[in-house]
Amino acid sequence: MSDVTPTSKPDQPEDRSSFVADVTGVGRIDWRSNILIPALAILSALVVGAIFIALGDLDTLRLWGSDPGRALSETFGTLGDAYGALFRGALGGINPISETLTRAAPLILAGLAVAVGFQAGLFNIGANGQMLIGGMFALVVGFQFDLPLLIHIPLAIVAAFIGGALWGAIPGYLRAKTGAHEVITTIMLNFIALRLVDYLLTVKFFQLEGRNDPVSKSVLDSARYPKLIEFINPRYRVHLGIIIAILVAVGVWWLLYRSTIGFEFRAVGANPDGARYAGMNVVFLYVAVMAVAGGLAGLAGGDQVVGTLGRATSGFSGVIGFDAIALALLGRSHPFGVVAAGLLFGGLAAGGQAMQATTNVGIDIVQVIQALIIVFIAAPALIKAIFRVRAEAESAQVSQGWAT
Amino acid sequence: MGNVTAVMTRPTDSRSPAELRRSRVLAIVYLVLALLVLWAFGFGSEGSATFVISRPGDAIRVGDISVPGAGLAFVVAAVLAFLGARQWMAGFGSKTNLVLAIGLGLVALSFLAWAADGASFSLVGLLQEAIKRAVPITFGAVSGLLCERTGIINIGIEGMLLGGAFTGAIVGSTLGATAAMIAAALVGGLLALLLAVLTVKYRVDQIIAGVVINIFVLGLTSFYTSQFLVANPALNNAPIMRAFGIPLLADIPLIGPVLFDQNIFVYAMYLLVAITTFTLFRTRWGLRTRAVGEKPRAADTVGINVYRTKYRNVIIGGLVAGFGGAYFTIGSVGRFDENMTAGRGFIGLAAMIFGRWHPVGAVSAALVFGLADSLQVKLGILDTPIPSEFLAMAPYLVTIVVVAGLVGRSRPPSDYTAYVKE
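As given, the protein sequences belong to chains A and B, one line each in that order. Position 262 of the first sequence, counting from 1, maps to 621 under our numbering, and the rest follow consecutively. Position 74 of the second sequence, counting from 1, maps to 877 under our numbering, and the rest follow consecutively.
No lab work stands behind these hints: they were computed from the structure. Every value quoted in this text rests on a predicted model; they were computed, and no experiment measured them. For each residue, glycine too, the CB sits at the ideal point set by N, CA and C. Watch out, some of these pointers could steer you wrong.
What the hints assert, rightly or not - Using 27 Å as the maximum straight-line C-alpha spacing, the simulated DSS-like pairs for lysine-lysine come out as follows:
id, chain 1, residue 1, chain 2, residue 2
1, B, K1181, B, K1098
2, B, K898, A, K536
3, B, K1004, A, K743
4, B, K898, B, K1004
5, B, K1004, B, K1181
6, A, K586, A, K576
7, B, K1224, A, K743
8, A, K576, A, K563
To be verified - A short, non-exhaustive set of chain B residues, derived as facing chain A with CB atoms under 10 Å:
id, residue
9, G866
10, G1013
11, Y1027
12, A1094
13, I1184
14, L1185
15, T1187
16, P1188
17, V1205
Claimed, not checked - To spell it out: a stretch of chain A is covered by chain B in this simulated footprint if at least three of its residues, at any positions, have a beta carbon under 8 Å from a beta carbon of chain B; those stretches are:
id, region
18, 447 to 458
19, 493 to 499
20, 511 to 523
21, 590 to 598
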C-alpha cells in the first residue's frame, strides 16, 4: 500500500502484495504516512474547524469585550455541544450508525470514482454530474419495468453504471483528443447535468403525476434496495447500498492491482509518455478511465435514487461529488482507504445533520472541516511542521499543467 | 513570451499536421453552424424581429431596426460557409480565435432574430447585460493569467470570487460600498496567499490547492450564511452600485449606453485590462513576471527572486479576483446567496485560455461568454420554444467547446512545475 498514491513511479516494482496484506497492512504498511498523517490531519482540521465555529457565534464574540472569562467558557460550551452532537449523531446508537452507513455508501462510490481518476493522473471533479446522469438511468429502469426483485435491482445497478460511464467518457475523450483539461470540462458537465435533470423532471415521462415541481415518479418496490435492519425498527434506513459499495471497492481493488487494464491505468497516470512509448493506447485509456470513474459515480447516483430516496429530485447528488475529492485524497486513492474515509465522512454527514438539528451550528461546517483535511493531507509538510513527525510522505501530485 | 509570439506569428501556409487537423475540425464546425442557421433560423422565421436601439431618454434618437429573420439567417449562413472554406484552405493564423468569436456572435444575432420573430427586442438591454455579465468573468480571467504568467495555475478563482461576493455583501451592509470593495479584494488576496503558501512553499499540487480553496470557501460562506445572514437580514442588504454615464461618450447611439452608461465595476474592468496589458508587456515588473513563468531557473540565475515574484503575482491575482467577486453582490443584486458564482470562475479560466493568456484576449472572450449568459436571461422573457433549462446550459456548453477546440492550439506561457531553488 506504499506506492498507491498518485505519485507512484513507473520504476517501482509492480504491487504484488496479497489481498490480506493490503487489507491488514501487515508488514508492509507505512504507518506514518498512511495512518498517522491522516489521523493528525483529521485532528488538525477539527481544531481549525472549531475556530471557525467560534467565529460564527456572534453573541459570544460580543462577550469577549466585556467578560472574557465567561466568553471563554461559553465558547467551549458551544464547541462541546457541537462536536458532542456530531459524535453522537454519527455513532451514538443504532439509528446514528444506520444513518452513517446510509450516507457512507454513495460517498464511498463517488470517492472511488475520484480515486480511479487520480490513479490514472486524471482529476475527476465531475462525480456530481455523473451521479445525476447515472441516477436518472437507474430511475427509468426503476419505474418503467416491472420485474422480479432479483433481476430488477441488478438491472438498475447496470443502468446507473452505464449512465455515469457515458457522461464520464465525454471529458476523457476531450482530454485525450483535444487536451481540454478535465477539471474545467467536468465542472461544466456538472452544471449541464444539473440543468438537464431539472428539465427532465418536468417532462411528463419522468414527472410524478399531479405535481408541478421537479419530482420524479417513484421507483417500484422491486427495484428498491432492501433495508437491512428493518426488522428491528422500520425507521432504520440503512440499505443494501453499503454492501454494494464495499463489494464495488473490492472490485476496484482487483481492477487496479490485479488486472492488466488496471496496470495500464496506473502506468498512464504515473507517466503518460512512458505508457505511450510502451505501446499502450493512451487515448483509449483516458476514455476508459473516465468511463469507469463515471460509472462508479453513476452507481453513487443509483444508490441515491433506488436506495435512499426512491425517486429523483432536483440536484439529488447534493455535494457528494465534492466531498468525494477530499475522501479520495484522505484515502490515498486506494480503494480500501476510500472505504475507510467514506465511513468517516458518512459519520461526519450523519453527525452534521444531528448537530444542525440539536445545536445552532450549521451542517456546512462539515464541508469546511473536509476542505481543511485535504489541506493537511495534501501538504504533509504542514503536519510534519506542526507535530514534528518524521515521515517521508511527499505531496500528492496529480497534474503537470494544462495540456498533455 | 518567446514561444507564444512564435506561435502567433507563424505564417498560415506552413501549418503543422496537428494544426491542419484542428483547422479542418474548426472548418467543419463553421459549416455545421452554417447549415444549422440556414435550416433552423432561415426556414424557421416568417416575420421580422424589431431591434430597439434607443431608449426613451437618450439625447440622440435612432429609429428601431426591423430585421427579417430569414434574410439575416441566409446572410449569416453564407458568411459562416465562407469562413469555413477559408479556414479549411488557409486558416486564419493568429486571428483564428477572433474570427471564431465573430462567427459565434453572428450565430447569436441570427438566433436572436429568430427568437424575437414578430416581436420587438431591446438590443441595448441585451448588450448592456452582456457587458455586465462579462465583468466577473474578465476579473477571473485576468486573475488567472496574472498567476499563470508567473507559473502558478489558479483553479481557486471560483472560490476567490465567491469569497469576494460574500465579503462584499457583509461589509457593504455594515460599512458601505467603498469599504466593501476594499475588503472583498483583501479577502481574495488572503485566499491567494494561502494558494501561494501551499504551492510555492509546501509544493502542493497546484490543481489540488485550487480545488481546496474552492471547497473551503464554498463551505465557509454557506456556513456563515446559514449561521448569521439568515437570522440577520440587515447584514445581507448591501447597497448596489448605480450606473452613471460618462459625459459625451454616453450620448453616442448604441455604443454609449452599452459601454459608457454602466456602474463602477464595468469601468474598473476597462482599467484593469488596460493596466495589466501595459504592465505585463511594457514594464520591468512584467518582464520579470514572464521570465519567472517561462524559465524560473534562468530568471533565478540573473538575480530575480523567483519565490518573491510568484508570491507577489499570485496575491495581486487574488486581489483582482476578490474585487471582481464583489460585483456579484454590490455590483449586481445586493445580497449574497449560497454558491452564487455558479462556475463563473471556471468560465473565467476558459476565457483566459481562449484569450491566449493576454488581457485583451481575455476580455474579448469574456464578452462572448457574457453575451451567451445575457442571451439566456433575456430569452427567458421572450416566448421561445426552447426550455429555459437548455438556455441556462449555454455558457457552460460554450466553455466546453472553447476549451476543447482551442486549448491544444493555445500554448500555456509558463512552466508550472514547482520551482526548487538550488
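Going through the earlier hints one by one, which of them does the structure break, listed in rising order? 1, 4, 5, 9, 12, 13, 14, 15, 16, 18, 19, 20, 21
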